[in-house]
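Chains as they are written, first to last, in my numbering: chain A, 102 to 518; chain P, 256 to 570; chain X, 221 to 645; chain H, 5 to 257.
Quick caveat, the hints were computed from the structure, so don't treat them as lab data. Cβ coordinates follow ideal geometry from the N, Cα and C atoms, glycine included. A hint or two may mislead.
Said to hold, decoys possible - Under the rule of at most 27 Å between Cα atoms (straight-line distance), these lysine-lysine pairs were calculated in the DSS-like manner:
1) A:K290 / P:K538
2) H:K120 / X:K232
3) A:K189 / X:K542
4) A:K298 / P:K538
5) X:K542 / H:K97
6) A:K411 / P:K375
7) A:K411 / A:K225
8) P:K562 / X:K338
Claimed, not checked - Chain A regions said to be covered by chain X (calculated; three or more residues, Cβ under 8 Å):
9) 210 to 217
10) 283 to 294
Unchecked claim - Residues from chain H that face chain X, not an exhaustive set, calculated with beta carbons under 8 Å:
11) D68
12) E102
13) K120
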Amino acid sequence: MIGQYIRGSAIAAALFAVGMGAASANTVKIAYLEGLSGPFANVGEVGLRHLQFAADRINAKGGVLGQKIEVIPFDTKTSPQEAQLVFKQLVDQGIRYMMQGNGSAVAIALSEALGKHNSREPEKTVLYMNYGAVDPSLTNDKCNFYHFRFDADVDMKMQALTTYMAQQKDITKVYLINQDYAFGQSVAKAGRAMLTKKRPDIQIVGDDLHPLGKIKDFAPYVAKIKASGADAVISGNWGNDIALLIKAAKDAGLKAKFYTYYAGGLGTPPVIGEAGVGNLKQVTVFHSNIGGSGAAAEVEAYRKRFPDSKDDFYWTTIMTAVDMLTRAMEQTKSTDPTKVALAMENMKATQVTGEAYMRPENHQLVQPIFVSTFSKANGKDVKFDVERTGFGFQTDARIEAKDTVLPTTCKFQRPKG
Amino acid sequence: MEFFLVTLLNSLSYGLLLFMLSSGLTLIFSMMGVLNFAHASFYMLGAYFAFQTSQAIGFWPALVVAPIAVAALGAITERYGLRTVHKYGHVAELLFTFGLAYIIEEIVHLIWGRAPVEYKIPAVLDFSAFSIFSTQYPAYRVFMMLVSVGMLIALYFALTRTRIGLIIQASLTHPDMVESLGHNVPRVFMTVFAGGAALAGLAGVIGGNAFVTEPGMAASVGTIVFVVVVFGGMGSLAGAFVASLVIGAVQTFSVGFDYSLLNLFALLGIETSADSAWYDLWKVTISQAGPVLPYILMVLMLIFRPKGLMGTREG
Amino acid sequence: MAYQPPPLIHRKRLLTWGLTAAVLIVMPLIFKQSFALSMMSQMGIAIIFALSYNMLLGQTGMLSFGHAVYFGLGAFFSVHALNAVGAGNFHWPVTLLPLIGGVAGLFFGVIFGYVTTKHSGTPFAMISLGIAEMVAACSLMFPTFFGGEGGISTDRVVGNAVMGITFGPSIQVYYLIAGWCFVCMVAMYALTQTPLGRMANAVRDNAERARFVGYNPTHVRYMMLMLSSFFAGIAGALAAINYELVTAENVGVVASGNVLLMSFIGGIGHFFGPIIGAMLVTFIQSALSNYTLAWLLYFGLFFLVMILFAPGGIASLITLHKPAWEVAQVRKLVPSYIVAGLAGAVLLVGVISLIEMIYQVETKAEQSGTEMSLFGIGFDAATVMPWVVSVCILFVGALLLWMASRYVRSSWTQVAAVINARRSA
Amino acid sequence: MPAALELKAVHKSFGKTAIINGVDLAIEKGERHAVIGPNGAGKSTLFNLISGRFPLSTGNILLDGQDITGLAPNEINRRGLARSFQITNIFAKLSVYENIRCAVMWSMGYRYSFWKRVAGLRDVADRAQSIVDMINLGRRRDTLAGVLSYAELRALEIGVTIAGGANVILLDEPTAGMSNTETADAVALIRNVTQGKTLVMVEHDMSVVFGLADRISVLVYGQVIATGTPEEIRSNKAVQEAYLGTEATEESE
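This is chain A alone, in the form it adopts within the complex:
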């Protein structure tokens, strides 16, 4: 029995020795934390491609402060607890910048681990760039000085979406259908509150929460929506939960319009296909057909860089994050996270979507938000399709940055710069 312990630990020791000290010196290292194995690995890979794309561009121009940017991927297995362990690893390796964006559960866990770590070991401070985790609490009651969010949160998007919906006079009855977990519940809550405030005449005819990722057949839900007489549906569903919902709606001949968050999410448009054309809308900070030469160039450059991948340029947030990070470093002539963080506050950025700035009270990027409709690609205003499906998004409305700002409850301790 004891022999076993010894043998086991000897093997462990040997493997440790091999594993440590992999990262090379004299680069600015950005740890990329996502699920890179298991069911959501493809989503993690898309973000990684974007980060690589952004880093390549900086490196082609000679890097930042004469150093190249090095992207080091870590596998969180999309689990909050694993993410915390991975976080310890990157601290061990002396990495001071990290990026993550899929899954608010992981984001909250990381943000909390980061807070504890930075206060317990201030000499090893780490800065966290969040490119897509949209739980409002991250920039409200759970905010953290070293956490910067580049995507608009659930409430901001709902603000934009309901502003748009309020203008649509033909909407009279709205149905809410969401996944039964924190994100879906907050979409339902925000949707109901904001919509009834802006358009008291609109009737909420249904509010369904269904289990996350467990429903095979959405036909019964569609039958229920149909029975309610709704002409608009709001849904925060993502992945198969939105794809199957749209397919079932088409099968049953439901005419209502769907206002969603993630209709354009990776892997969803191919499943929806024809079924979504004209009645499927999404609210995002970017889509390929927002217009303007900058956006088109970006989409084309990405396609050129990754010709075999089916995904498209999507995460402007990663571009802005890397852009702000490098400019902050150039400005302060330092790679110290605290100095960089102070420089990033209130920084302005010119994104392909327009002007944006980092809000200093809660480190939330404020930027324009778009509502768009799933349509056939036509080479004109729907120039680019998504995932090579022949379908793309067409802009319905652009909500300006200033109209998306919401009050915040964030009160973080600001270090002295």
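Add chains P, X and H to chain A, keeping to what the hints say.
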């Protein structure tokens, strides 16, 4: 009324699909004692094979080719996997299928990627068959039901009119008997396993495009099929059939009921507010709890009638 | 000759436990990185959990697919208790927090066990799976208690430091876990030596006969499940302290499957099997995933190979050598093992290169191209040559392993002859 | 004084087939009673009914005057009735000694305790050891039961049965499949371990039956057609016709 009729049809088509999956599992489970965790993986493989075949030569050949391919894989699994671990007992067999399910999912990730594939309903079947009041009913759903019923009839004849079918039937209720009859037990097992896999594969072919073909599809039906088998009872195909329809109906109909315990309290005149103790529990509606209902049914069934609905034996 | 009970503490056992304790104490002095430390903490938790699981599977013959329910609920109750302590509503030392987790685990063990242990065999397995699915589904439906997808977080640094121990630094947490791990190991081992522990084995072997010697197998199973869920709850509480976060995945079916894999790989037939399994699987899951994206596939293949060729787990591979060791014949096996090891390594190189190349082409090509390096050799996976070479290595390895296995077998035949001769003498 | 074991109008049917069809039987304390009968007469079923393995269809069973009808096997065992099995039924992965130890623990009052060390229970150890010695398996004490020879298994089966100190012992074909010398040893063993107890046995080997039993019951088609001393049974016409005649002559040859 409209909701009721549409939902009834939906529950029927879903229940029949469940039966196609659970019939194979019941046969394998009852005869070999192996609770096949990889059964839903065969369902998934059926869908992916059909996707691949239909890209090359079309949907109709896929309807035949994919189940046969899955059956071949099932036969190989039985011959080179299960038979090897058989001597270590049922736990080892079960764990073998558990590990296999794990690997099949990873391999599917590798070959077809993690995102759903574009496995589409054939154009000939992509129209609405009829309308119930204002709701259209898609033709493909009708087709699914036809295939399921056809399979049901074929299975019935295979079990009652062929020699091997009679042996299988006998061994469902008396698993020890087959051996004493002097039949080639390993071959019977292999046939049953391959046949069960083929049924699962066929379910995958017609379910994959009706719903979605992606690597998580195995996990999403896997446990529900177990529930059906346990609920219906060991060794009973009729039980599996009834259980499939019941579970299908429970899952589909529960969606329509937005009642929670709060409604009941209101009826009884008990005041509740968001601050009440256990408010989280009281406010859960039946439609929210729908997916848990099959498990609750199963647990209740096992408590009060361990044999299952129409089972002939326990354990 | 009157029976003399063996002393409770005799030399051999004292040595075993003493060394175990020593290893637990010394480990963090050798592996100092915080990653290593957190992995060892995880191992400690996994050991308790896997041992508690083996009380069911290995000792009582109950295959459970829902053991994480007790682990997870133990974790949730302790995290709420810890938060209450932090808020000053409740006084309880953090050191003893695992007891709260244990009692919570026990509480649910009493409730669920009453239902599940009326059955054995496959019905038990199924009903445990059903309960696990139920609890997992509920965990997302009740965000107040389970914290939704984000889980419940906490701060383990509460109250005043006792003798400088705040449990802030992870080294202190490690020693807390190591201490509990040691206590639990001793307790669970001791349990195997009690009337209940022995009857659990009897029920596992032959539940019906146990009835005919006066025992009710249902009671034996129920009691074992309750005790086991107590220990699982302790492990859950330690996890809550270690991660300072408890999420719904802790009660999930995946977590239950994981503990089953740990116990089985380690070996359910021996008390120390799950300990090895817990350490190995934890290591594979946290370390291997740093080196390769294909780790899930490797892990799955490893598991299948274990089931097919060593269903008794690693522990049985070790104890297989006990008779040979006793007659000092192990050295005769060593040469054949070395040969088999080398052959296995060749085969492994072939398998690894193929899998890594497939992954490179399928998933990584977009970011970093098809250029890759393995075992220090750089090549382009888009060309034919590496594939041919890998397949050749694979076949050569398989052939060598087949020949080596014959060598191993013949060595064993010789050793077995010696053992038999010694026995009959 | 009540009978050690009494069966009153016991019936048992499986589906529509009646296997035991109204058995009345009383066995006195200290008696050695054999149940004989042709294959399929229901002897093993009768044992399964008495020991609580199967529920009765109708009728009553009394142990020492107390009604035990419908009790679980473990309850019946605790009231002082133990049985062996025709097909060996022991704890295969435990050693011989541990098998016996498991069988003595309940009767010595240790029940489900998980706070006592088994190895520290002197009384359990002494009793288990004495039974191991009594069944002549001292040399195989620490061998796993699963690897014993057939005769050793049968001896262990008897050991496990009597270990709890039950007053009524049911042995189901204890010598089935044994050679002549093994049978002789087994008979000696049975005689030895059941001293002062009530023994009921099902047995096919007539030399064993007539050598051991004080009284014999003949079971044919689920009914007792005769009960009496060996001599009475030997001379009973009905028994001879129904069953004994042919077999007895075969046995004597």
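Numbered hints the structure breaks, given as an ascending list:
Going through the list in order, the structure violates hints 3, 7, 11 and respects the others.
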